[in-house]
Amino acid sequence: MSDEKEKIYLFDRPENVNRLLKGFYAICILLVLADFVVHRHIGFGWEKIPAFYALYGFVACVLLVLIAKKIRNVVMRKEDYYDE
Amino acid sequence: MSELPPFLLFFIAAGLVAVTRGLPRQLILLATPVVTGLHLWQDINPGADVAYSLMSYELAVLRADKLSLLFGYLFCIASFFAGTYALHVKDTKQHVAGLIYAGSALGAVFSGDLITLFIFWELLAISSVFLIWARGTERALKAGIRYLVYQVLSGVLLLAGALVYYHNTGSLEFGHIGLDAGIAGWLIFIAFGIKSAFPFLHSWLTDGYPEATVTGTVLLSAFTTKVAVYSLARGFAGEEILIYIGVTMACFPIFYAVIENDLRRVLAYSLINQVGFMVTGIGIGTALALNGAVAHAFSDVIFKGLLFMSMGAVLYRTGNINGSDLGGLYKSMPKTTLLCIVGALSISAFPLFSGFVSKSMVMTALMQENHGYLWLLMLFASAGVFHHAGIKIPYFAFFHHDSGIRTEEAPRNMLVAMSVAAALCIFIGTQPQYLYALLPWEVEYWPYDLTHVLAQTQLLFFSALAFVWLNKKGLYPPELHSVNLDAEWFYRHLVPAGAQRTLHLLRGAKASTLTKVIAHMQGVKNQFGKSPMAKYYLSESWPTGSMVFWISAILATFLLLGLFGLRP
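Chains as they are written, first to last, in the working numbering: chain Z, 1 to 84; chain P, 1 to 568.
If you're looking for bench data, these hints aren't it; they were derived computationally from the structure. Just to be clear, a hint being listed does not mean it is correct.
[To be verified] Computed footprint of chain Z on chain P, listed as stretches where at least three residues anywhere in the stretch have a Cβ under 8 Å from a Cβ of chain Z:
1) 366-375
2) 519-528
[Claimed, not checked] Below, a sample of chain Z positions facing chain P; criterion: calculated Cβ distance under 10 Å:
3) Val38
4) His39
5) Ile42
6) Lys48
7) Phe52
8) Leu55
9) Val59
10) Val62
11) Asp83
[As the list claims (entries may be wrong)] Going by beta-carbon spacing under 10 Å, a handful of chain Z positions derived as facing chain P:
12) Val32
13) Gly57
14) Ala60
15) Cys61
16) Leu66
Small disclaimer: the values here were computed from a predicted structure and weren't measured. Don't be surprised by glycine CBs; every beta carbon is placed ideally from N, CA and C.
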C-alpha cells in the first residue's frame, strides 16, 4: 500500500468540500426565502414567526450541543471507570 | 394448517438450524421469514383465534387483528434482513438464539391472553441474552447478566400483574388494561415500561445492545422494544402519563448521544429517542396518534436496523466502533457509506424517507390535541435526532478527518441486507399509502403537503447548518474515549461501592467488638486467678484439644467393648 501513491478521493480536495458547503448554504438561503413566498398553514401561534422552523432548528441544535458539553463535565469518566 | 401460529415456524427453523451447516442452514435462515410472512399475509385474517390447552388452561396463541398483523409483518421483514446480514456467521448458538428470539416476538404479538404473553416475554429475554454473550468478551458477559436481570424482572412483574388482574377481574384476556386497573395495571405497566426503556429503566438497553455481536445488535434493535410498544398500544392506549414519559424519552437521550463515543451506543440512545415518539403517540390515544405510533415502530425497525447494520459492518471490517478512532471510511466502504446515509435520512425524517411519513403523524396529533409546549419539545427532539443520528453517525464514521484506516467494503450478504432495508425506507417514504393501508385505526392522513415538507426541510437543513457552524467554530465537542454516567451508575457503582463501604464498616465493628470482648474476658480471668478458687485443678483453663482427646478415648473404649461383645 505504501509503495503505490494513494488515490486522491473526493473530499481530499478542499475545493470539493467548499463546493459542497456552498451548495448547502445556497439551499439554506432558498429555504428561508421560500418561507416568505409560500403560505404555511398555521397550527400554533409561534409558527407565524418568519422562518420559524429554520430558526428553531438552528437554535435547538446549538443549545443541544452546548448543554451536552456542560453535561460532559458532570457525567464523563475515564473509559475503565466501571472496571476498577 | 391454515391457522398455524407463526412462532412455530421460527421455532422449528431454530431446531433445523441447530443441526444443519452451510448452504442448507443459509436457506433455512432466508426461507423462514419469507414463508412466515406469506403465511401471515395469505392465511391469517384479522379475527383469527386459536387456543391450545395446556394443563387444562387455554393458551390463546393466535389472536390476530390488524394491530398484531402489522407487527407480525414487520417482524418477518426484520428477521429477513437480519438473517441475510448474518448469513456469513458460523456460530450455531447465535442463529438458534436469533430464530427463537424472532419467533418469541411473533408469539408475543399474537398472544391473546396475559399468560401466553408472559411465556413469550420471558423467552424473548432468555433467547436474546445469548446474542450479547456470543460476543465472548468479559464486558459482554457482564453486560448480558445485567441485561438479563432487567428483562427477567420485567417478566416477573408482568406475571404478578397478570395474577392480580385475574384475581380482580376474573379474566386474563390481553386487551385494554389501563391504569384504572389499580395495582395490577401498574405492575403490568411497569413490566411493559422496562421493556420499552422508560427513563431510569432504560439502561439495560444502552448498556447491553452495544456489547452484543455485530449481527446480534441488529436483531436486538428490532424486537424487544417493539414488542413492548405493541403491548403498550394494546393495553394502555390513551393513558396521559405516557405522553410525558414519551416526551422525556425523546429528549434526554439526545444529549447523551451527542457526547457518546461508541457509535453503536449512540444508536442505542437514539433508539430510546425514537421509542419516545411512539410512546407519546400511544399516550395521546387518538386514532391518528396511535396509527402514528405503530407506523413509526414499523419505519423505525427498518431504518434503525439499517443504521445498526452499517455500523456493524464498520465494526466487522475495522474492529473498532469508536467515533474518536474512525473517519475517512467512505474511501474504503463507499457502498456502506451510501446505505448508512439512507438510514440517516430516514431516521431524521427527511421528506421522501420513511421516518417522515410516520413521525409526522405523531407531531400532527400533538398539534391537534393542542399540546403546544410538548410539541415544541418534540420538535427539539426531532432536530436533535438529525444532529446525532443523521449527521454524527455517518460523519464521524465515514468522513471527518481521515483516520488512515484502509479496509474492504462490507461482505456481499451485508450489502444485500442493507440494500433491502434501504429500499424499504425509500419505498415507505415515497409510497406511504401501502403502509397506511395496514394501520389498525381508521383515519385519513396524508403527509405530503407544502407546509409539512417545507417546515421539515427547514428544520433539518438548519440543524445541519448548526453542525457546520459549530464545527467551523471549533465548538463541537470532540469524540473522546470515555464513559458517560447514566442510570446504570446506581447499580454499577453506587450500590457496589455502598456495599463495599458497608462491609468495611461491619468489618471494623467486628474487630473492635472482638478486642473489647477479649480484653473484658482477660480481665475476668485475671480477677479469677487472684481468687483462692484458682488453685484447684478443675479451675485451670484446659485446651479444647484435651476434651476432644478424652471423648475419643471414651468412644474408643465403647468401640472395643462393642467389638468383643461385652455390653457394659
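Query - Hint check against the structure, violated hint numbers in rising order - result: 2, 6
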